[in-house]
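J.: Chain by chain, the residues run as shown.
There are 2 protein chains.
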Amino acid sequence: MKSVLAAVDVGGTSLKMAFVTHDGEIAAKWEIPTNQSDKGAHIISEAAASIKEKQREYNVDIGAVGVGAPGFIDVERGFIYEAVNVGWKSYPLREEMESLLGLPVVVDNDANLAAGGEKWKGAGGGADNLLAVTLGTGVGGGIIAGGSIIHGQSGMAGEIGHITAVREGGARCNCGKNGCLETVASATGIARIGREKAAANPSSSIGGALKAKGSLSAKEIIDAAKNGDHAAEEAVNEAADHLGFALANLCNSLNPETIVIGGGVSKAGDYLVEKITASFKTYAIPKIAAETTIRLAELGNDAGVIGAAWLAAKAYRGEGTAEL
Amino acid sequence: MKSVLAAVDVGGTSLKMAFVTHDGEIAAKWEIPTNQSDKGAHIISEAAASIKEKQREYNVDIGAVGVGAPGFIDVERGFIYEAVNVGWKSYPLREEMESLLGLPVVVDNDANLAAGGEKWKGAGGGADNLLAVTLGTGVGGGIIAGGSIIHGQSGMAGEIGHITAVREGGARCNCGKNGCLETVASATGIARIGREKAAANPSSSIGGALKAKGSLSAKEIIDAAKNGDHAAEEAVNEAADHLGFALANLCNSLNPETIVIGGGVSKAGDYLVEKITASFKTYAIPKIAAETTIRLAELGNDAGVIGAAWLAAKAYRGEGTAEL
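For the protein sequence lines, the chains are A and B, in the order given. Each step along the first sequence adds one to the number in my numbering, with nothing skipped, and position 114 is 114. Each step along the second sequence adds one to the number in my numbering, with nothing skipped, and position 314 is 314.
All clues given are correct.
Selected chain A positions facing chain B (in silico; Cβ < 8 Å): (1) Asn129; (2) Ile143; (3) Met156; (4) His162; (5) Cys175; (6) Leu250; (7) Asn252; (8) Glu257; (9) Ile285; (10) Lys287; (11) Glu291.
In silico SDA-like links for lysine to any residue, alpha-carbon gap of 20 Å or less: (12) B:Lys287 x A:Ser90; (13) B:Lys52 x B:Thr21; (14) A:Lys275 x B:Arg167; (15) A:Lys287 x B:Asn178.
Hints were generated in silico from the structure; no laboratory data involved. Note that the Cβ used here is the ideal one computed from N, Cα and C, for glycine as well.
So here's chain A without its partners, still in its complex pose (with noise of 0.2 Å):
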């Protein structure tokens, strides 16, 4: 019988589900849906019921279970303090799905996850010391030391998303304060920005879209911006150097191989990530500027599912995690 992992990366609207190799290959995947019922009650043992009846189709021999899911997580005891998303709070995870499946489950934060996937099968060939940027409504990411992942004292390591890049004057954010990162790189952001510049720009193509339209999304900047718009460029220029500074200012510190940039906005392509590229290389120590690496991600949305066969590899040193 062939021994794998057991993937589960927990969403809000659906449960993205696998069965992964010791070697990092997908062997099965499925979903199924979030079942947002009594605060979430249900999720784990549905997905536990749809592990099992995958594992007699299949035919295979679970080594470990892998869990990502959003919101604040104890990761030692896989506890999930509060996943707005699904509707838990304090809710005992680990050990729920523990005593449904009987076999060792290993619990961390979604963002996290897609790092770990990045790094073992992804645009991080390995990299132990790894940054992952994920550019989607907010800024997510995942930072990886030392071939783990970091969480510091409370869980909240790698919010990337919530540096601080407009020292003054920056924009609201949800988390309390001003001037975040995803204020200003994220989907929204660069919407936003976008829409002040073609405001302010009204013979632009930008200008007239919005206009026309009311409103402007980010994909409609970039593509403006891709086919010279100089206002749409602005903004694009402006979102991108933001980036470059808060992810410059982190490898001056940790010192990464490579960055991994995803999510929705990343789909820009060598574009974006040429002009981060640039800022970066403003703002980082030589050494560091010549040295990292940034490269768009290349799972997709199998990232997570990638990166909590990983975690559960790495946690349970089952055969053929060598390489990890």
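Since the structure of chain A is provided, determine the placement of chain B on it from the hints.
T.: Chain B in isolation, oriented as in the chain A frame:
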């Protein structure tokens, strides 16, 4: 025979040496001059001879040896790429010392070991996630995450002094870029800003002192600020705000329990810590601002040898290291 750890803190003018008990108390300490002749080729043999002599004198058994050195180090091999202050270039420190003493030897950067010392027996109070900053002629640092020193890909992690603090128009730094934290928050940086403020405010007390003496030290500026001189206070506030900004952004990403501030400038005491803390709270995520403690270093010049002993104990797991 009592078992101890031997510790060596290599500096440009002297080697600080100590025998440290397995629970972190200094059993004996002494210094020998740094022999810079022949590109530092005699330093380690003299250190080893001194350790043997003191071992006989104190009649102790040595479990392991920890060595802190300045410069770029391959920590795994204990290999010094370059240490300008003492003359080493491509120097196999660990190998040499192990063959001279017949004992396990561990080597790390001196700033990292100062962080380890403060963690173990100083202001860090055992924190597994800790940031140490040394404000001296330059700005140095060390980062401990999950109980271990963070080294990064090429040993440059912890170089907090080269975080870009002044984003545009900053002063030139020795590292080759502009606006580094070191250019505004070291003794040199505070003196530079203070002289600018003094020249612009000739009627201030530091303005008068600059005119009379032609120069101003960081200590004179901080003392004048404490005595209520507004120009001097502006200079100190500027330095403290840059420190608060840089440290908050590190903590937004690393979530340490404690920041320990040491070095000559930290003799300004609580006056400086309060200013740094106020800025820190402006730029930190509210939960981080509430939970992170900023403290003055407690071990002074002993931090290096205690940190070297901490590393030796941690690496070789001698008796009594459970509390590491």
